[in-house]
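J.: Here's the letter readout for the chains.
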Amino acid sequence: METTPVTVNEAPGAHGPIRVLVAKPGMDRHDRGAKVIARAYRDAGMEVIYTGLHQSPAQIARAALEEDVDVVALSILSGAHNTLIPRVCQALRDVGRDDVVVLVGGVIPAEDVPRLLEAGVERVFGPGSSTEEIVAFTRDAVARRRGETV
Amino acid sequence: MAKEPAAGAPAEAAAPGRERRPRFETLSGIEVKRCYGPEDVPDAAAAQRLGVPGQWPYTRGIHDTMYRGRLWTMRQFAGFGTAEQTNRRFKYLLREGQTGLSVAFDFPTLLGYDSDHPMSEGEVGKLGVAVDTLADMEILFDGIPLDQVSTSMTINGPAAMIFAMYLAAAEKQGVPFDRLRGTIQNDILKEYIAQNTYIFPPRPSMRIITDIFAFCADHVPQWNTVSISGYHIREAGSTAVQELAFTLANGFEYVRAGIEAGLDVDRFAPRLSFFFNVHNDFFEEIAKLRAARRIWAVEMRERFGAKDPRSWKMRFHCQTAGCTLTAQQPEINIVRVTLQALAAVLGGAQSLHTNSFDEALALPTEKAVRIALRTQQIIAEESGVTSTVDPLGGSYFVEWLTDEMERRARDYFRRIDELGGVIPAIEAGFFQKEIADASYRYQQQVESGEITVVGVNKYVLEDEEQPEILRVPDEVQQRQIQRLRDIRRTRDNRRVSQALRDLKAAARSGENLMPRLLECARAYATLGEMCDTLREVFGEYRDRAIF
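For the protein sequence lines, the chains are A and B, in the order given.
According to the working numbering, the first sequence holds residues 1 to 150 in order.
According to the working numbering, the second sequence holds residues 151 to 697 in order.
It is worth saying that the hints were derived from the structure and are not from the lab.
From the three backbone atoms N, C-alpha and C, an ideal C-beta is built for every residue, glycine too.
Each hint should be verified, as a subset may be incorrect.
Here are the in silico distance ranges between beta carbons for each label pair [as the list claims (entries may be wrong)]:
| id | chain 1 | residue 1 | chain 2 | residue 2 | range |
| --- | --- | --- | --- | --- | --- |
| 1 | A | V95 | B | V604 | 41 to 49 Å |
| 2 | B | Q372 | A | F137 | 51 to 59 Å |
| 3 | B | D587 | A | G45 | 13 to 21 Å |
| 4 | B | V687 | A | E132 | 43 to 51 Å |
With the rest of the complex left out, here is chain A (with noise of 0.2 Å):
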């Protein structure tokens, strides 16, 4: 995976393409969804961060906060997400990243959706969304973020 690194004077996602982290939060193993979304992006034309498994909601927004990124696309299939993506959500205020486009991807029942929508994820794809509706909300997500901000 190659990722072109972004000068300090640019302003955040302003031009350029849009840069996503995939993340994988908690202790969840399964990976295959978040392999495959970040592949997507990347053929899609955007810069493509996959932090791996196994990480904390402060380590994804430290990562987020480093690499710059428009968007945090975050993986969940462990049944913790109503732990763990409010405190990504969180993590991202405390390092001053609430301004990044937050998604869910994953196993996540209908009644916990709103719940996750209120903590500041922009949109939650359940099983079966394509990548090509992810990548399509995506840019317009990004879009309309940097609208309101640039």
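Given chain A, work out where chain B should sit, using these hints.
T.: Using the frame of chain A, we list chain B on its own:
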């Protein structure tokens, strides 16, 4: 859509134009012809390739009577919440006719952390049962005599520690070790390749495994010391060919490690078992299982010089493919599971887990797991497929495909050898990259409609009714942490410290770790304490994040 035949093409060439697709292939991408005949299965050396059931090279099965003699073990994987809850589910399944137990551990246990470790927050008891100490193991098997049931435990990184707790629980029940039957998965190589629940780096992990081989050969002779698993390689997105090739390559690596540790191959090889996935492509799966048996037999006899026929026989468990189950129209998963289970039976499995229809949504409910078990019972007792051994043997297509699977697996063995063997190939990211490529290709085929997934990209329902799902409440974590703290307070902490010091010394000296771990378990040392002690000596493995 099929192409029109070229103008002036001979009559035979026009035929493909009438077919639904220009090319038919298996899920692994093997092209399938319209029809197979004797020319596809040459007679030369047919007896060597096929043989008869119960005889080398066991293509047709490892027993001469197969299911006429004894049905496969119906072993549903179960575990959630606390040891008490899982114990209740075990007893329910045994009452309903399940014939073996299979324990699912939660993520903290799988990664060797105690329930009160900061990383365990939110994960305790979620996707399996939490086991911190011998106390949990005692509750898990309370009222289940360990000399009368065979137990499979899906545990890898901390397999030696959990196995030590199981042995200590058996001691408490008064059951001698030589009466224990069961399996610890203990397949660390596939963890680095696909499943990601490793703790230590590959080389010390292999040493722990050969320690288990040696200990069991002396003390727990009926125990399957490793279940070499393709299941997770497949769930991570591999093809059937990759699953076959990588699993067997791992198997050979364990055999090599055992021999290099100074063990006689016939002393430990009979206790190696396998675990395969059964996916949707019916004939490819059957061919995969038949090819696996044959390759193992040939290699064990001819490459590793095993003389005991028990070392040649590949015994395996199958599980239907969890990754094929859909959250959409979940009831139709029952049909997928039925077909996959039938393939496992026609492929000659010794043990089978059928997935529950609601597993793409959450942990299985009691009703869903009962239906999954009934699916096996119907195949076993109503369908008649168990009346004859290897009923598909001799089918031109099945024999050709079995040969083709073997040929493709052997191509992979050559590539792995060129990289210097399994561990260097893991370190180079070879397996991880091959699987990621296959997984991405599959996703693209599903999205383009080239592969149909009923209910997902075809025959979709607009309004879906959501079935009832099982949830593990967050209070489970609090209860588990409380029990752990009570144990830490009431146990003999001096005995624990001494046992952990002895464990560390054994890790440094190269002495067999199992007796030391057994003493730690008896003293109620926690899983996290045992793993941390070894982390200090062996270090930790980090994911290479290849995509």
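J.: Identify every previously stated hint that the structure contradicts and give their numbers, smallest first.
T.: Checked against the structure, no hint fails, so every one of them is satisfied.
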